[in-house]
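Undergrad: Residue-level listing of the chains:
Number of protein chains: 2
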Amino acid sequence: MALSTMIYNHLPTTQYSSMTKLSVVHAHKQALLDPPKAKPSNSASHLAESLSQLLHLHLETPPRTQLHHSIWDSFSEEKHSTPTTSPKEVIANKWREIHGSSDWDNLLDPLHPWLRREVVKYGEFAQATYDAFDFDSFSEYCGSCRYNRKHLFEKLDLTRNGYKVTNYIYAMSHIDMPQWLERSHLADTWSKDSNWMGYVAVSDDEETRRIGRRDIVVAWRGTVAPSEWYEDMQRKLEPFGQRDAKVERGFQSLYTSKNQSTRYNKTSASEQVMKEVTRLVEMYREKGEQVSLTITGHSLGGALALFNAHEAASTIPNLPVSVISFGAPRVGNVAFRDELHQLGVKTLRVVVKQDMVPRMPGLVFNEGLQKFEDITGTLEWVYTHVGAELKLDVRSSPYLKRGLNLVGFHSLETYLHLVDGFHSTTTSFRSDARRDVALVNKACDMLVDELRIPRCWYQLANKGLVCNGHGRWVKPKRDPEDIPSPAREKSVDAFVDRMQTQDVLESVPYAV
Amino acid sequence: MALSTMIYNHLPTTQYSSMTKLSVVHAHKQALLDPPKAKPSNSASHLAESLSQLLHLHLETPPRTQLHHSIWDSFSEEKHSTPTTSPKEVIANKWREIHGSSDWDNLLDPLHPWLRREVVKYGEFAQATYDAFDFDSFSEYCGSCRYNRKHLFEKLDLTRNGYKVTNYIYAMSHIDMPQWLERSHLADTWSKDSNWMGYVAVSDDEETRRIGRRDIVVAWRGTVAPSEWYEDMQRKLEPFGQRDAKVERGFQSLYTSKNQSTRYNKTSASEQVMKEVTRLVEMYREKGEQVSLTITGHSLGGALALFNAHEAASTIPNLPVSVISFGAPRVGNVAFRDELHQLGVKTLRVVVKQDMVPRMPGLVFNEGLQKFEDITGTLEWVYTHVGAELKLDVRSSPYLKRGLNLVGFHSLETYLHLVDGFHSTTTSFRSDARRDVALVNKACDMLVDELRIPRCWYQLANKGLVCNGHGRWVKPKRDPEDIPSPAREKSVDAFVDRMQTQDVLESVPYAV
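In order, the protein sequence lines correspond to chains A and B.
The working numbering puts the first residue of the first sequence at 1, with every later residue one more than the last.
The working numbering puts the first residue of the second sequence at 1, with every later residue one more than the last.
None of these hints come from the bench; they were simulated from the model.
None of these values were measured; they are calculated from a predicted model.
Accuracy of the hints is not assured; some may be wrong.
Heads up, the list lumps identical chains together, so a pair's fine if it works in one copy or across two of them.
[Said to hold, decoys possible] EDC-like mimics (lysine to aspartate or glutamate), calculated; alpha carbons at most 20 Å apart, straight line:
1) K192 with D449
2) K477 with D449
3) K477 with E78
4) K463 with D136
5) K164 with D136
6) K150 with D482
7) K463 with D449
8) K353 with E289
9) K275 with D205
10) K155 with D109
11) K164 with E389
12) K391 with E97
13) K88 with D204
14) K88 with E286
15) K88 with E271
16) K164 with E207
17) K401 with E182
18) K391 with D193
19) K477 with D204
20) K275 with E78
21) K463 with D193
22) K192 with E238
23) K258 with E97
24) K155 with E182
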């Protein structure tokens, strides 16, 4: 799809006169067709103008049905006493289709309600990597998870999803991408080199019965600063794996970097996750169980999910591997996409059409050239997306503000809200959507004022300071068990191996 | 003091070469001496340049003693186990001097430790008006106090000061100063017209014995946005009282506005505070007690304190009235100052020399013309300060960041920190200062990173949202008793009057 067409599609269908549409399309055609050498400055300014128009299109506020306060008030009161979840369906006989065995044909539009619930479940696993992350650069634990893996789901009220965390994943924070990962301002920290990057979890017995197999989940943490991405991602493709696949250098570096002198990354994120997944697969297969791997992530986390899927499908025979990503950027070239396809990896990309991140890297370059792909086949040097797409539209929700909001469009909670309310592209937002609307504003300002939900409300009281017995405001020490512990040691492995021979399912899954 | 001299005085004494000093002074002289008609644009640009230099002088970071992390760590650990207060001295025989009977001669430099404690006490009363204020524009109680007057000091841990709140003061929020007061975004609020503007409190028996008289305190709330002030305060002086005094129109409007159609301002702030103060004075005088009135406020609150003092001293015979203000702007002309003097009002202005607000209104105009005052005497049209000044310097504290910080320089917590550490202009910050340093960063970013105190840390968990039984994040309703109640009704007054004849001191001071 050419950029001009893409932009055309982004125009609100009823709000703009055809003249406006045409002039915008014309501007973009100009930008793409002007020979750069002949009119470099003019072309650059055209491009800048086009980008600017692309960004500002969303600033126009389409006339929205004016709802009176009383309507919102009764809405709030009614919703406040409605549970946020419905009874769970048993999907044991449908799980392969829900995870893409038929490439999600006829499941996305309209969106099958069983699939919707599963997509939200995995999205909540990805959201947990943000909610529990220590962003405080004055904390000696900046860049770690605030809770021990045994308590993560309990602290975040996610035990209802029926999974247990078995291991944490760390990645080097010294890779050459500025400001992607968090670092403490302090000299003496839990780790100068690593960030908590996600976790491995596994379904418990009850959930396993409901979903028809033992499901291993890997959730990858992303980043939440799209403006930095735009700067950072005009980068080179580098080889990945044994064949023609090439991937974005920065992403790959994050996935594979390690250093013997560190405490948490003597092994890379790749090695950590593959070791844990392999252990779990073997353990449950030995018990005669059917096992699947579902990898999820938002933004950068969605990119890492693809590497992880590629590696797992290449390494572990006959393992059903699916990826459910949210607002993920492009990761690699067409050969990378084709290899994932050949490996049987099923990828469902959830994308908000107003979100810029899925159009990166190569926002302008790629969109303009993608049409050539149909002609030339595999282009080594063009980033491309993989898998099926579930496309959401910010304008479908009556609860969301109009106007440009780069952070809000990209926010994972916005995604989950839109999934929850999506029925089909031709019908309006589900009136019986139950997910708590207030969650959307946790880290952005997307909800209409009438809902009275503060912007960016997800915060600790007094930023974690507490008043001690002397009346002084101090940062409390972490509970010893919530202090990050390095990845599994040999001796611990041996212990766990011994435990695996016993039938103590509830205690085994935890790596110590 | 001419502007050039003022700027000269603001230069760090050891950091700048005399050449730099001279060139800055020269620039300002140029700005002041250039005939405006001959070179209007040039003069304007000179002035802009001068202002810019004035602002940027503070951006230079003087080399500060580099303290190692270990020193800060041991500092933190030691401080964390030190009480924030010392035993209180009995000042019964000194209170008149402490409240300015000798115009604070020989008490300010060095600062008398008894005076220091009292200044901090009154500053904490002013700070309470910020700490308890509901700033949430999505709250139906935006602009009110979050707590009932009976619980204010308890909630803010101020009961140790030995006072009890007897009444709240409200002011009209519809006066013609943009954005000074808070208004809710909502249509249905506790009040569309009023803001909580402060309170009246009175010393309890124990504190009364310690300080030698029954002390009535009025604490006025200020605003915390100096950038808006600079826009808003190029205004006209208007008559105040019966004689030549003139005062800033906006301040006066806030103090005197009322409207019969409102719930909280059927009477003005002036009428509310005077009624309550008069009631308390009469009540305690009938008991044969000695009574004083101390009025405090920060910023705008310091301006209101002066009106209040003028009115109280004019109205109530033989009442010792003193004002202790923090970072207050100029309020009126020289006649206003003289009238306060003749009325016997004693004013101690605490001023941080880097704070811009005390130089307003008329930042440039006044500083340049003040020298004429010595020649011409009373100038009706020049704003002037009143009373004695306790001048503090941000650079005196080893805990504070260097660099321009308009909000931080003006913050009341910065003032209280500097008072606590001030011994004299020639000695360094008190090593035995006990006030919790962390408080400085409550609403700004002034503490050096080594202290590891987050910026702007004073905040509610999840902005006050709580998760209800259905898993939904909602704004809890206020406790009924914390919902603002209108000012005293006639029937209530009658009840209180009856009560005053009995000796039930603990229950009487409260207006219902």
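Undergrad: Taking the hints in turn, state whether each one holds.
TA: Structure-based check of all given hints:
1. When the C-alpha separation of K192 and D449 is checked against a cutoff of 20 Å, the pair qualifies only between copies, where the shortest distance is 17 Å, while the shortest distance within a copy is 41 Å.
2. With identical chains, the CA atoms of K477 and D449 are at most 20 Å apart between copies only, with a shortest distance of 18 Å across copies and 38 Å within one.
3. With identical chains, the CA atoms of K477 and E78 are at most 20 Å apart between copies only, with a shortest distance of 16 Å across copies and 41 Å within one.
4. Proximity of K463 to D136 under the C-alpha cut-off of 20 Å is found in both arrangements, the shortest distances being 9 Å within a copy and 18 Å between copies.
5. Proximity of K164 to D136 under the C-alpha cut-off of 20 Å is found in neither arrangement, the shortest distances being 26 Å within a copy and 38 Å between copies.
6. Taking the shortest alpha-carbon separations for K150 and D482, only the intra-copy value of 9 Å comes in at or below 20 Å, while the best inter-copy value is 40 Å.
7. Taking CA atoms no more than 20 Å apart as the test, K463 paired with D449 passes between copies only; the shortest distance there is 15 Å, against 25 Å inside one copy.
8. With identical chains, the CA atoms of K353 and E289 are never at most 20 Å apart, being 39 Å at best within one copy and 74 Å at best between copies.
9. Neither within a single protomer nor between protomers do K275 and D205 lie at most 20 Å apart by alpha-carbon distance, with minima of 23 Å and 71 Å respectively.
10. In the homo-oligomer, the alpha carbons of K155 and D109 never lie at most 20 Å apart, since the shortest distance is 35 Å inside one protomer and 54 Å across protomers.
11. Taking identical chains as interchangeable, the C-alpha atoms of K164 and E389 are never at most 20 Å apart, the minima being 29 Å within one chain and 64 Å between chains.
12. For a Cα distance limit of 20 Å, the shortest separation of K391 from E97 inside one copy, 19 Å, qualifies, whereas the shortest one across copies, 75 Å, does not.
13. For the homomeric pair K88 and D204, the shortest alpha-carbon distance inside one copy (15 Å) is at most 20 Å, but the shortest distance between copies (61 Å) is not.
14. Proximity of K88 and E286 under a CA criterion of 20 Å is satisfied in neither setting, with 29 Å inside one chain copy and 74 Å between copies.
15. Taking the shortest alpha-carbon separations for K88 and E271, neither the intra-copy value of 35 Å nor the inter-copy value of 63 Å comes in at or below 20 Å.
16. Taking the closest pair of Cα atoms, K164 and E207 come within 20 Å of each other only inside a single copy of the chain (11 Å); across copies the shortest separation is 58 Å, beyond that limit.
17. In the homo-oligomer, the alpha carbons of K401 and E182 never lie at most 20 Å apart, since the shortest distance is 30 Å inside one protomer and 23 Å across protomers.
18. Proximity of K391 and D193 under a CA criterion of 20 Å is satisfied in neither setting, with 37 Å inside one chain copy and 46 Å between copies.
19. Within a single copy, K477 and D204 get their C-alpha atoms no closer than 32 Å, and across copies no closer than 38 Å, so neither meets the 20 Å cut-off.
20. With identical chains, the CA atoms of K275 and E78 are never at most 20 Å apart, being 48 Å at best within one copy and 45 Å at best between copies.
21. Neither within a single protomer nor between protomers do K463 and D193 lie at most 20 Å apart by alpha-carbon distance, with minima of 24 Å and 33 Å respectively.
22. Taking identical chains as interchangeable, the C-alpha atoms of K192 and E238 are never at most 20 Å apart, the minima being 27 Å within one chain and 62 Å between chains.
23. Proximity of K258 to E97 under the C-alpha cut-off of 20 Å is found in neither arrangement, the shortest distances being 37 Å within a copy and 69 Å between copies.
24. Proximity of K155 and E182 under a CA criterion of 20 Å is satisfied in neither setting, with 22 Å inside one chain copy and 36 Å between copies.
Of the numbered hints stated above, those contradicted by the structure are hints 5, 8, 9, 10, 11, 14, 15, 17, 18, 19, 20, 21, 22, 23 and 24, listed in ascending order.
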